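*Asks:* One-letter residues, chain by chain:
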Amino acid sequence: MAHTAFEEQDYTKRFDLKLWVRVFRYAMKYKVLVGILLACMLLTALMDTVFPLFTRYVIDHYIVPKNLDGIWGFAALYFGIVTLFGFVICLFILIAGKLETNMIYDIRRDGFNKLQQLSFTYFDRTPVGWLMARLTSDCERLGETIAWGIVDMVWGTALMIGISIVMLILNWKLALIALSVVPVLVIVSLKFQKVILGSYRKVRKINSKITGAFNEGINGAKTTKTLVREKANLKEFQTLSGSMYGASVRAAVLSAIYFPVVLFISALGSGLVVWFGGSGVIAGVMTYGTLVAFTSYIVQFFEPVWQIARIFAEMQNAQASAERVFSLLDTEVEIKDDEERIKSWGNKPFRIEKEISFDKVNFSYKEGETVFNDFDLTIRAGEKIALVGETGSGKTTLVNLLCRFYQPQSGNIRFDDVDSHDIPLEKLQSNIGVVLQTPHLFNGTIRDNIRYGKLDATDEEIMQALKMVNADRLIARMEKGLDTSVGEGGNMLSTGEKQMLSFARAIISDPQIFILDEATSSIDTETEHLIQDAIDKLLVGRTSFLIAHRLSTIRSADRILVINNGEIIEEGTHHDLIRLQGYYYKLYTNQFLEENEKALLTG
Amino acid sequence: MQKKLMILWGYMKGNRTLYLLSVVAIIIAAFFQFLSPLVMRITIDSVIGDMHVASGTLSERFLNALGGRDTLQTNLWRLASILVLITASQGIFFFVKGKWLAEAAESTAKNLRDRLYNHIQRLPFSYHVKVETGDLIQRCSSDVETVRRFLAMQFVEVGRALFMLAMVLPIMISLDWRMTLASMSVIPIIFTFAVIFFMKVEKKFKLADEAEGAMSAMLQENLSGIRVVKAFHRQQFEIDKFASRNLDNRDKWYRFIRLMGFYWGSSDTLCFLQVLVIMIIGSYRAVHGEITIGTLVAFVSYVHSLLWPIRQMGRILTDMGKTFVSVTRIQEVLDEPEEPLENTGIKPEPIRGRIEFENVCFDYDGKNPVLQDVSFTVEAGKTVAILGPTGSGKTSMVSLIPRLYDATSGKIKLDGHDITEIDREYLRQNIAIVLQEPFLFSRTLEENIRLGTPEATFEHVAQATEVASIHDVIERFDKGYETVVGEKGVTLSGGQKQRVAIARSIIMNAPVLIFDDSLSAVDTETDSRIRAALKKKENKVTTFIIAHRITTLVEADMILVLDEGKIVQKGTHRDLVGQEGLYQRIWNIQNALEKDVHHELDDETDILSERTDMEDKEEPKPA
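Going down the list, the protein sequences come from chains P and R.
Going by the working numbering, the first sequence opens with residue 1, and the numbers climb by one from there.
Going by the working numbering, the second sequence opens with residue 1, and the numbers climb by one from there.
Hints in this document: simulated from the structure, not taken from any laboratory.
Model, not experiment: these values are computed from the prediction.
Note that CB positions come from ideal geometry on N, CA and C, so glycine has one too.
Take the hints with a grain of salt, since some may be wrong.
Unchecked claim - Residues from chain P shown here face chain R by an in silico Cβ test under 7 Å; the list is partial: (1) Val-82; (2) Arg-108; (3) Trp-172; (4) Thr-226; (5) Leu-234; (6) Gly-278; (7) Gln-429; (8) Glu-488.
What the hints assert, rightly or not - Derived list of chain R stretches under chain P, where covered just means 3 residues or more per stretch with a C-beta under 8 Å from a C-beta of chain P: (9) 46-55; (10) 127-137; (11) 250-260.
Stated by the list, open to error - Restricting the straight-line Cα-Cα distance to at most 20 Å, the calculated cross-link-like pairs of lysine to aspartate or glutamate (EDC-like) are: (12) R:Lys-367 x P:Asp-483; (13) P:Lys-231 x R:Glu-447; (14) P:Lys-98 x R:Asp-248; (15) P:Lys-235 x R:Glu-339; (16) P:Lys-366 x R:Asp-478; (17) R:Lys-535 x R:Glu-555; (18) R:Lys-99 x P:Glu-314; (19) P:Lys-222 x R:Asp-406.
So here's chain R without its partners, still in its complex pose:
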């Protein structure tokens, strides 16, 4: 509990003065609130009525300052104005408290949101793979909201409650200390109650909050996979599935509210019983002449003023249980270690792009090896093609280069520097990677392409799109580069998205460029056009291409064949085509096909001998 309080206190950093001022304001407002019934009572009892004010008291001085009883009787507006003034002052402090508190709480919420957003994007990629988006969003929105509400509404009320106690208690004690003790008899019971409920609330609220998280996660998944849902016409299945989460969420929240109902109902009953106790004890003592009737009447009204803050504090305590659950859920995210980005190492200049893998091993879970003892060297400016069956570790291998993951053992070197010694931000700026499943942000095409290089001019953008063979397509859109792509770039086809992603990476002008199977969503023609354009670029770029197309593989300076996380073959096309292995098998599959087709084509041209010479020239020669 203390730890959670400290965390909450930490969230309030930067606004603590404002919170404190709000508490002060609320206390002053409470003081005026306390004052106005007193003025009202004096007016009715001693100005309009004929009860005498004891001489020398504050009340007498107050009346004398306003001109004395007789003057006031004919000038009642003075007292009425005082009443209005007091309320106005109370109002002003209420407003000030409201403003400061809103500023403080909203600022805390903003800081929390910013912190969460930034933290989440700096968490290592391994975290993102296992986390549920919907649940995470719920923590960032709902839980932050719970904390904000507590800070904006309940938390400062503690100040007011304590102040009320501080005002009422001395008066009660001065009247009769025994009666005061009796008036407080219910307090320990209420507090014990509050503490028990506090713990229960924490549990129930946690369940409810988690149910909400699970529901959000399912909702988020459904929405992002809505195309699959529709393709299989599984709407009813999804509706049923959501209904069960929705139902679970409803029931858990209801159980939480029910608990609150029990608490509020019982604490209110206890408070009223306290009044009963005072009345019975008071009646006995009054009848026996131990106290005056006036004292008893005063006590009955004061016990209300005493119980109100007590009840309030009980409620704040139970609400704190709710807040603590949210704080824990937020803190769980914030406690995940970030991956350091800036100032994390050297920035060798210029980067030429020589890459070495030295006995690199890698696994995701500490058990199943994904890469085993991978070693190879790529000279700057060369092209490496990576080939291997599904699940052989190709993507994992290239992910290690910009340090999306870190190798479990072994070393990866860039221009002779261990990449773990290079500043991570600098490293990623120098390694452009086109992901297998590109993600476009909901903004214009131009902005999407400029994401990694905000300083690029439009000319650069156009050059990059030219290379990626997407310039013409974009030009054809009504709004051209200003076309906004949907949340996931839905209005673009897969190949178009992929080409935008390629342009986005090319524009970075990085010395190392990785295509994580990103060319396979593009047709053969575009694929070769993109590669040809890349080759024409002046400064040589070290290129990694995960590919299955033989045309791509053939052109590479080096081909790596991966199988079950190991490099089983390494070399140029010339080396590998003669070796028995995966590469040769693929070559044969494709080649057998090509030969077959070619044969057909030959027959065709024989038949169509009337074709012009020009077209004949385009005919390929048989292998």
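Pulled out of the complex, with its shape left as it was, chain P reads as follows:
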């Protein structure tokens, strides 16, 4: 969108050596491949210099003396070398391709692994499209540049150094004159590098935004339709794609200037050779042969400069990508197992025997927006807790903290007197079954989705779980039963159906702690009633947190917590709270009064 909420950090470093060292570390994993690749390049460079000699050999040995003896032997040799050359080229491409794809694979894998560890806080502020762009196009650009660019660069540099040495040996004065343009070339290149890098950074940044805009446009398509936003959306997108056009053209034009400039400087070099070298020949201080050799060498010298200039530009482009990818890899994982602290836990199963306690917990999603301030709460094992309060009062946050999806800024959460930091995340989270308010299913069949709660679940177990939430009838109605595809995000199902399935998914995982976050809000009353029976049976012996607005659910809880602005303002059983005649009482009777009045009217 025109102004995405999320602004990325700006990168200003010119040439980030540290960054490239890190990039090369990825390449170094494939030392053998890199080695073969370099050997291939050197062989190619060697052959590049050998081939002109063949022509000369034919002319000097066969044509001039008019003697064809041994020409077939020569032909065989030539054929052999050419075939070898072809083979080396093929090998070079294969190896570079292998290196490229492997590096992309590795970087992508690391990026994905990182994403799986990062906490909710990160995802709250980072758009999906932004992350997508990093793991797709930025990774590709990086791998591509390393595999193809750097090798070409090595080849080119080697060739340039070799030619410089030969020229210096042939005639050091003329060589120095010819090479006098090199410092100019370097200075100009550095200047261009700065501008080109800047403009490519801009292109990459806008590219992330465009990916984000596509992502939002596709995900929000229904909303767009209902609000008839199509024209306004397009206008905004066009601003974005327009700035992409501007930035890309600018970057391309800068490269387009740089290239002829290099060409021009190299022509200056050739011109100097012709002028001074020619004069030298005419004055008799230099041989004709040396001049001929020089003119061909100077052309050959500047040839790799073209290549290197191109790779330079690509590397600048790639640095912009590398910065993005590594900034993702460098993001600190806020919530992770502290190896030292969880060591004492060992392989112990997670069991709550006594209680869960919140001790002086302070939490805010963002600085200045405090949700909890010195929050204390103790829950006995097996207790069924209902959380009541207005939307935004902190009910969901409470359970998010319990699951360690977020980290309190200070204070502790303890399970049986064990600090939650001392419990491996895996043990903790796999023992908490969460059914979220907005159910999310994965693309795949119903079976795949239920199995998400228990990876080795059999069909019987799945059917049993579905039966528990009364979704078996739903499945029976479907032509393909468990094999019915749910579509991306479960979009082929209704929200109510999604909720039922996400319920079954949690049930099959058989957790010790159950969290139902308004999990049944979209299920019709009758079904909810049926599910309620199942829940009642299921929750026996489990600690559970119910966030719900329906009285029936709330009433059955062992303890009701009324939360307002991050504080527990009332707590107790339904009975207690009615007696208290406070907030809960009002909330309760509000709905109740209405119903009764209507009942009287219509009676």
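On the provided structure of chain P, position chain R as indicated by the hints.
*Replies:* This is chain R only, laid out in the frame that chain P set:
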């Protein structure tokens, strides 16, 4: 192939002149590139060396124009300057080509992106339900990039290659036509090779591109469902799953590159063999005196100039295979029929909001009926509550009203006009629908609320948020209405998001308002507050509410009970409560509960008789 070329040609529309100019520029640059070695050769051979230039040739005139051989020998800088000038001219045309081509290719890419974006948002909703977001994004980014690269880098090279051929061939033929034929012997082989590889490349690239699409789709899904992944601690499972897609993507790309390696390796070998053939044939003929040594040397160097463009064209051809795959994938999206939006029918004014369903049937797949023979009439300004079990077709039914889907048969009328005859854009502007799962765009709250009505003033916004009971919440944020909600409005709770969505719909001031179960994410108190506020609004709004809460149902002017796509009961609370059926069962469930609680409450008040009178008054009377 021809079809795909035409599609590509179509993408280039609007910039064709620029592309053509770029080709011209590249040809001129190639001409200068061709010229500079010639000048160099004359300088070395005939100025510094003592080879005579034939009189009357261009070369002689060139030297004479610069002052003749003798003057030049002492003024070599003139020739050096000419060399630099030629290169400078070449550079200028290179730059011009680079600029024009960048403008043309970037403009084509921009047009494609805009077209895709607009097309996608105008595709019917049924398309969005079945499509994979990640794959679609990959088509819009990666595939567009492939096309752009081809246009920006390879495509004009054809012009240069052809030009080089046009320059070299006549010279070669004038030297010796038989040798020329021999020099070209490898061309058919290279082209056959290129064509075979072109087809193979198309296949392999398609596989690789699709693997990338599948990987992107999985990535996108993982990221949007990351909360579920974490809730079940399924990170390892996801990592393994992604690894297999990532691996598949890697291997398919490698196979594609390997194919390219085979092609480049073999075509280079073929080109060098061509040089060998020329050298052997040339040597025999030179030895037998059929050609001069000079001609042979010239041929050996010209054959390089001949082979370069040939090789280049082969590469362009194989790259075209790649581009065609991307073109096909882009075109697949663009070929999906759009749903027409503007100027699609009448715009009756004013819309009062009377809605009729006449024998409406609907299904998604042509097989399983979702709605069957639904008929009812709602007078303008009335409230309809829709009730039914999960999967009974409630959402589908209300989705038909703003034409998110079209009914399979039957008619839906708005103020007596068949909705299919009403301008679709106009229709949707007049029907506000609050979706079950609201989507907030990543921008500020105020902007989100104003999405449907950009012209609304802040006062309107505040009024709408007041009605939706979210004004106070927003005010409490540090930045108030300027608070930016995350990509999916993650920093808001479900109920808050829902209320923002409600405000967004209310502000549209549409005569028809639909709540697709959107009030259930809001607590009971807020729910009734919102409904009460809506009722107070001056102009009566026809309201559809999908609800399960008895309080909501009771207040409706009409209740529709849906079951398996059919209306099984229809009427007011008074009608339905007496009828055996779903409504009565729900009423009983809730009522039984309320009675029970009420009983408890009565006991409580007896015990707490010391309570003040005022509080007693708040006590509800038993039913």
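*Asks:* Taking the hints in turn, state whether each one holds.
*Replies:* Going down the list of hints, with the structure as the test:
1. Val-82: With a closest approach of 4 Å, the P:Val-82 hint holds.
2. Arg-108: Result: holds, 6 Å to nearest chain R Cβ.
3. Trp-172: Hint violated; P:Trp-172 Cβ to chain R Cβ min 20 Å, cut 7 Å.
4. Thr-226: Since chain R brings a Cβ to about 5 Å from P:Thr-226, closer than 7 Å, the hint holds.
5. Leu-234: This hint holds: P:Leu-234 lies near chain R, its Cβ roughly 5 Å from the closest one there, short of 7 Å.
6. Gly-278: 4 Å, holds
7. Gln-429: 4 Å, holds
8. Glu-488: 5 Å, holds
9. 46-55: With 3 residues in contact (Cβ-Cβ under 8 Å with chain P), the coverage given for the stretch 46-55 of chain R holds.
10. 127-137: holds (count 9)
11. 250-260: Coverage by chain P holds here, the residue count being 7 at a Cβ distance below 8 Å.
12. R:Lys-367 x P:Asp-483: Given that 20 Å is the threshold and the Cα spacing comes to 17 Å, the pair holds.
13. P:Lys-231 x R:Glu-447: 16 Å, holds
14. P:Lys-98 x R:Asp-248: Judged against 20 Å, a Cα distance of about 13 Å means the pair holds.
15. P:Lys-235 x R:Glu-339: Between P:Lys-235 and R:Glu-339 the Cα gap is close to 19 Å, so the pair holds against 20 Å.
16. P:Lys-366 x R:Asp-478: Holds. P:Lys-366 to R:Asp-478 sits at ~10 Å (cutoff 20 Å).
17. R:Lys-535 x R:Glu-555: 11 Å, holds
18. R:Lys-99 x P:Glu-314: The given pair, whose Cα atoms are some 18 Å apart, holds under the 20 Å limit.
19. P:Lys-222 x R:Asp-406: 15 Å, holds
In the structure shown, a violation is registered for the earlier hint numbered 3 alone.
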